[in-house]
Amino acid sequence: MTIVKYKTNIHCGSCIKSVTPVLNNLDNIDLWKVDLEHDDKILEVTIDDEDKNSVVEAVKSAGFEIEEIQ
Amino acid sequence: MKEEYKVAGMTCASCAISIESYLKPQEGVIDIAVNYPNQSVTISYDENIIPLETIGNKVKEIGFKLILGTKEDTKKEFEALEAKRLATLKKKLIFAAIFSVPIFIMSMFLMGKIPYENWIMMALALPVLFYSGAEFYTIAWKRLKSFSTNMDTLVALSTGIAFLFSVFNTVNPQYFLSKGLVPHVYFESAVIIITLILLGRFFEEKAKSKTSSAIKKLMGLKPKKVTAIRNGEEKVISYDEILKGELIILKPGDKIPVDGKVKKGTSFIDESMISGEPIPVEKMKGSNVFAGTINQKGSLRIIATKIGDETLLSQIIRLVEEAQSSKPTIQKLADKIAGIFVPIVIGLAVVTFVLWYFLGPDPSITYALLTPITVLIIACPCALGLATPTALMVGIGKGAQQGILIKDAQALETAYKIDTLILDKTGTITEGKPKVTDLIWDKNAVSTELEKVVFAIESESEHPIAEAIVAHLKTIDTESVPIDSFTSITGLGAEATYKNELYRIGNESLMIQKEITIPTQLSVKANSLKSEAKTVVYVAHKNTVVGIIAVADKVKETTLAAIEKLQQMGIEIHMLTGDNEQTAKAIANKVGIKNYQANVMPADKGAFVKELQAQGKVVAMAGDGINDSHALAQADVGIAMGSGTDIAMESAGITLMHSDLKQISKAIQLSKATMKTIKQNLFWAFIYNLIAIPIAAGALYPINGFLLNPMIAGAAMSMSSISVLSNSLRLKNKNIN
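Quick note, the sequences are listed as chains A and B, same order. Just so you know, we're using full-length UniProt numbering here: the first sequence kicks off at 1 and counts up by one. Just so you know, we're using full-length UniProt numbering here: the second sequence kicks off at 1 and counts up by one.
I should point out that these hints are in silico values taken from the structure, not numbers from a laboratory. Take these hints with a grain of salt, some might be off.
[To be verified] Here are the simulated distance ranges between beta carbons:
1) A:N28 x B:T487: 22 to 32 angstroms
2) A:G63 x B:V236: 43 to 53 angstroms
3) A:G63 x B:A33: 43 to 53 angstroms
4) A:N28 x B:V481: 38 to 48 angstroms
5) A:L31 x B:G308: 34 to 44 angstroms
6) A:L31 x B:Q567: 21 to 31 angstroms
7) A:L31 x B:Q521: 26 to 36 angstroms
8) B:K590 x A:G63: 51 to 61 angstroms
9) A:E67 x B:A603: 44 to 54 angstroms
10) B:G308 x A:E67: 48 to 58 angstroms
11) A:D49 x B:L243: 47 to 57 angstroms
In this text the structure is predicted, and so the values were computed from the model without any measurement. Using N, Cα and C, we set each Cβ at its ideal position, and we do this for glycine too.
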């Protein structure tokens, strides 16, 4: 289990509503949270395996920008 | 624009017709269809020509109320209005009864003993007619304007004339006395008729309001508060706020709010309301769960896939609603007769008037007034009003004595026509709870010792089958032993150590996985048990199976005989179940049912009832679960098991308290006997009329100068009521098997 952080443009409550179904539907993630207070709108995800890319794909499919923070 | 609205205030099918015929010619109204049982109207209209408010006002003009607004609002407003109507009806009924009883006692037993009796009775009758019975006169007046008649017309006409004639004779008794005629009063007939008819209406309305309480209970299956994970935090939200794709946390005992998919955790869920399957179903990652079912053990996180109106539960609610509203209301026999009877009586009265006026002796105008009035009073539907309700009341009472609760009189009126019966399997044919049916030990095993170990291990397990095994072992007084360790193996069974020896209890897969030998003798037994649709649990000691336990939902003891009897009565029987094919087949064979269907979803049960009804069959459905509620409501006669869910009982017209299928044939016999009594009652109600009306009109006058004495007219009316009552009471002593 690893915690991965991404920089996004998920900036408000309704953005969260739109990413909720896509992120919840990912099998390999357990918990996720967006820090709306942070300037970079950090999405923190607990991932079961090494497939970090699925998160990127999912968030992009919901119409947001996302970039992993190394 | 096409829209459906609720309409308040419709009391009969002809109210619906009057709304339709009033609105149809209005400019801008394209089409209109009124649904009386559903109390709604579907209007297509051009809103530029006729705005909705105008339509609403038009409906108001003819005495009804169109409820405008959103679906949820209208539902509430409509329910409130209906509740108010029932309350008003109750008030009017109580009022009528309080004032009628003294009038009845005075006229029947105290005639000539109380001073100013006519004046007292008049004063008592006034509120009954002008408050309790006011609606009869307004409806009769509206109908008169459209030249139609029904039971209301007959009630209004006869009570109105009886009252007016009695008032005339009270105020001015000299008029008839001076002409040698007795100025009789008929206050008691007027008020008793009104009271009895109001009583009938009250029962009918009450039955109607039960419909919505079944639906309310179904809606109660939705939890109010839900714990969801939003943006990484647990939040308690209300049911309405759940979004699609939301992650919801379910604790043991929680009702599941939405249809969803398990994301995390394992648990057992009681899905009996949907599948009818009595054993809770194990759920793990990826399994589907349904709204309204109950999480029994373990915590789950689910993703909401279907919310609100899309859930399976909402679909069931909608189907129940539709089934209950689309049920055709049977045309009341008495109403039908009144439709023919009223014009005939009025015609006879007119003819009587004309004949007496032109051909009668002096004072011809007096005779011409008196005789038609006597005709109309004699025609009073007192006994007619009693015919159906008294027989139904006795029938319902008799049913209750035998453990057959009849909530809906219509069920009793229809049951004798049943030619097809659909039975739900679980809980109806069978007991509905898994029980140990066989406990077989290897001949070399020490069974008493093993039973103790099994008891100890299964007591630790959370699996529903384990519960059945524990319950069984308790009945044979098994003691427990202290086990050293216990491990549950999800989906397979459990293993434990006792006195440093390994024991395993579980299904065949567990035995195969752990490479445990199954002795041939036990393997043969297990296969034969499986073919009887029993669930087989293996008990292994070290590396060998030493015993097998079979668990199944047992067929009720009385089922076989009951089905045989119903088949002898010529009733075609079908069995439906949400269970698998093998179980369905085994049970159907066991109880002698040829037609059965397995893997049936709740909506399919209702659809099957509809299909049979479309073939012209009169269908009864017996079931016990929420999954049966749609079919119970759809069937001509719905029969719920007393041990079943409240919703099943609310949706059905008949509830069997003993949960015994034998009661169904009894209910049918009871219905037959009751209908026979109603028909006999109608005969008694009319025979006196048929004889008395011509005499009242003066048919015997030209022959022997005989004119009906109003006292005799009154006696004839009482006789017909007494005949009807005593005939109904005879039903009480009838033998029903």
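Status of each hint after checking the structure:
1. Restraint check, A:N28 to B:T487: a C-beta distance of roughly 28 angstroms satisfies the suggested window 22 to 32 angstroms.
2. For the pair A:G63 and B:V236, the beta carbons lie near 29 angstroms from each other, so the given range of 43 to 53 angstroms is not met.
3. For the pair A:G63 and B:A33, the supplied restraint of 43 to 53 angstroms holds, since their beta-carbon distance comes to about 45 angstroms.
4. Between A:N28 and B:V481 the Cβ separation comes to about 44 angstroms, which falls inside the hinted range of 38 to 48 angstroms.
5. With their beta carbons about 26 angstroms apart, A:L31 and B:G308 fall outside the hinted range of 34 to 44 angstroms.
6. Range check, A:L31 to B:Q567: Cβ separation about 60 angstroms, and the 21 to 31 angstroms hint is violated.
7. At roughly 53 angstroms, the beta carbons of A:L31 and B:Q521 sit outside the given window of 26 to 36 angstroms.
8. In this structure, B:K590 and A:G63 meet the distance hint of 51 to 61 angstroms, their C-beta atoms being roughly 59 angstroms apart.
9. Here the CB-CB span from A:E67 to B:A603 is close to 48 angstroms, well matched to the stated 44 to 54 angstroms.
10. For the pair B:G308 and A:E67, the beta carbons lie near 36 angstroms from each other, so the given range of 48 to 58 angstroms is not met.
11. For the pair A:D49 and B:L243, the beta carbons lie near 27 angstroms from each other, so the given range of 47 to 57 angstroms is not met.
Comparing the model with each numbered hint stated earlier shows that hints 2, 5, 6, 7, 10 and 11 do not hold.
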